[in-house]
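*Asks:* As a plain string of letters, each chain reads:
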Amino acid sequence: MEIGLTHYLVVSALLFTLGVFGVVSRKNSILVLMGLELILNSANLNFIAFSKFKGLNIEGHIATLFVIVLAAAEVAVALAIILNIYQNYHHIDVDEINNLKE
Amino acid sequence: MLFEFVFYMFAVIVIVSAMGVVFSKKMMYSAFSLLFTFFGMAGLYVLLSADFVAITQIMVYVGGILVLIVFGVMLTSKITGVDIKTGTIGKIQLTVGAITSVIVAIILLITYLNVDWVTSQFQIEVSTTTHYIGFGLFTEYLLPFFVAAVLLLIAFIGAAKIARRK
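If you're matching them up, the sequences are chains E and Z in order. Everything in the first sequence is counted per the numbering used here, starting at 73 for the first residue and increasing by one. Everything in the second sequence is counted per the numbering used here, starting at 31 for the first residue and increasing by one.
Isolated chain E (complex conformation) (with noise of 0.2 Å):
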């Protein structure tokens, strides 16, 4: 059977799904940050797949370089965020961080 859109289409959506389970069920902030980071790549499939299929259309290779800038400036931030939360709190525990300060 040859390979043709469905089929990566089906990959990005499992990841989307894995990626959403594990920003729902994870207590830990960095596991989070890893949900999120899969819900992106799915994201970039879909764009590099559909570009593809379209007759090498250049412009979805471009939106996935845009989104993987700004995963790149989200992770620096969140990590800096969360190593301040980890200075006050002494835990990254998302259910208990409920204060912006002491």
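The set of hints was computed from the structure by calculation and includes no laboratory data. Please read all numbers here as calculations on a predicted model, not as lab measurements. Each hint should be verified, as a subset may be incorrect.
As the list claims (entries may be wrong) - Result set (EDC-like, lysine to aspartate or glutamate): computed pairs, CA atoms no more than 20 Å apart in a straight line:
| no. | chain 1 | residue 1 | chain 2 | residue 2 |
| --- | --- | --- | --- | --- |
| 1 | E | Lys173 | Z | Asp81 |
| 2 | Z | Lys121 | E | Asp165 |
| 3 | E | Lys126 | Z | Asp81 |
| 4 | Z | Lys191 | E | Asp167 |
| 5 | E | Lys126 | E | Asp167 |
| 6 | Z | Lys56 | E | Asp165 |
| 7 | Z | Lys121 | E | Glu131 |
On the provided structure of chain E, position chain Z as indicated by the hints.
*Replies:* Coordinates of chain Z only, in the frame set by chain E:
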């Protein structure tokens, strides 16, 4: 035949290691599973003839984001061991999360498998996409390109400011 084999290999690598990220009990194992997910995604990009994006994926995700995440794991690693919540509230949370994601998966799969996607048989034969990406970035997408550059600068300066120990 070989193409199908390679596709299924990368797809299995991506899905299995993503399950490792989500289900493993130790944070360090999750971080290393994420490494395999990123490499598998780069392989899928290569199969979709997106060579530049594949290299960018390896350089930015594996070389940058994953290193940051591993540093985050090591700097906040007082809590180890069981991470998925135990107890009644944790069980309810886990069940609701599982049901939600299964529903999301079913909706996505039904949509993806039933919609008759408009694809074009016409394929541009290119050896590399880098030239076209560069051309696009400096003509049609010039403003978003510079906005992204400034955003990256601001984000990293802000991150360094926030993370500094007082």
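*Asks:* Now look at each hint and say whether the structure bears it out.
*Replies:* Structure-based check of each hint:
no.: 1; hint: E:Lys173 x Z:Asp81; in the structure: violated, 46 Å
no.: 2; hint: Z:Lys121 x E:Asp165; in the structure: holds, 16 Å
no.: 3; hint: E:Lys126 x Z:Asp81; in the structure: holds, 17 Å
no.: 4; hint: Z:Lys191 x E:Asp167; in the structure: violated, 26 Å
no.: 5; hint: E:Lys126 x E:Asp167; in the structure: violated, 44 Å
no.: 6; hint: Z:Lys56 x E:Asp165; in the structure: holds, 15 Å
no.: 7; hint: Z:Lys121 x E:Glu131; in the structure: violated, 44 Å
Violated hints, listed in ascending order, are 1, 4, 5 and 7; each of the other numbered hints is respected by the structure.
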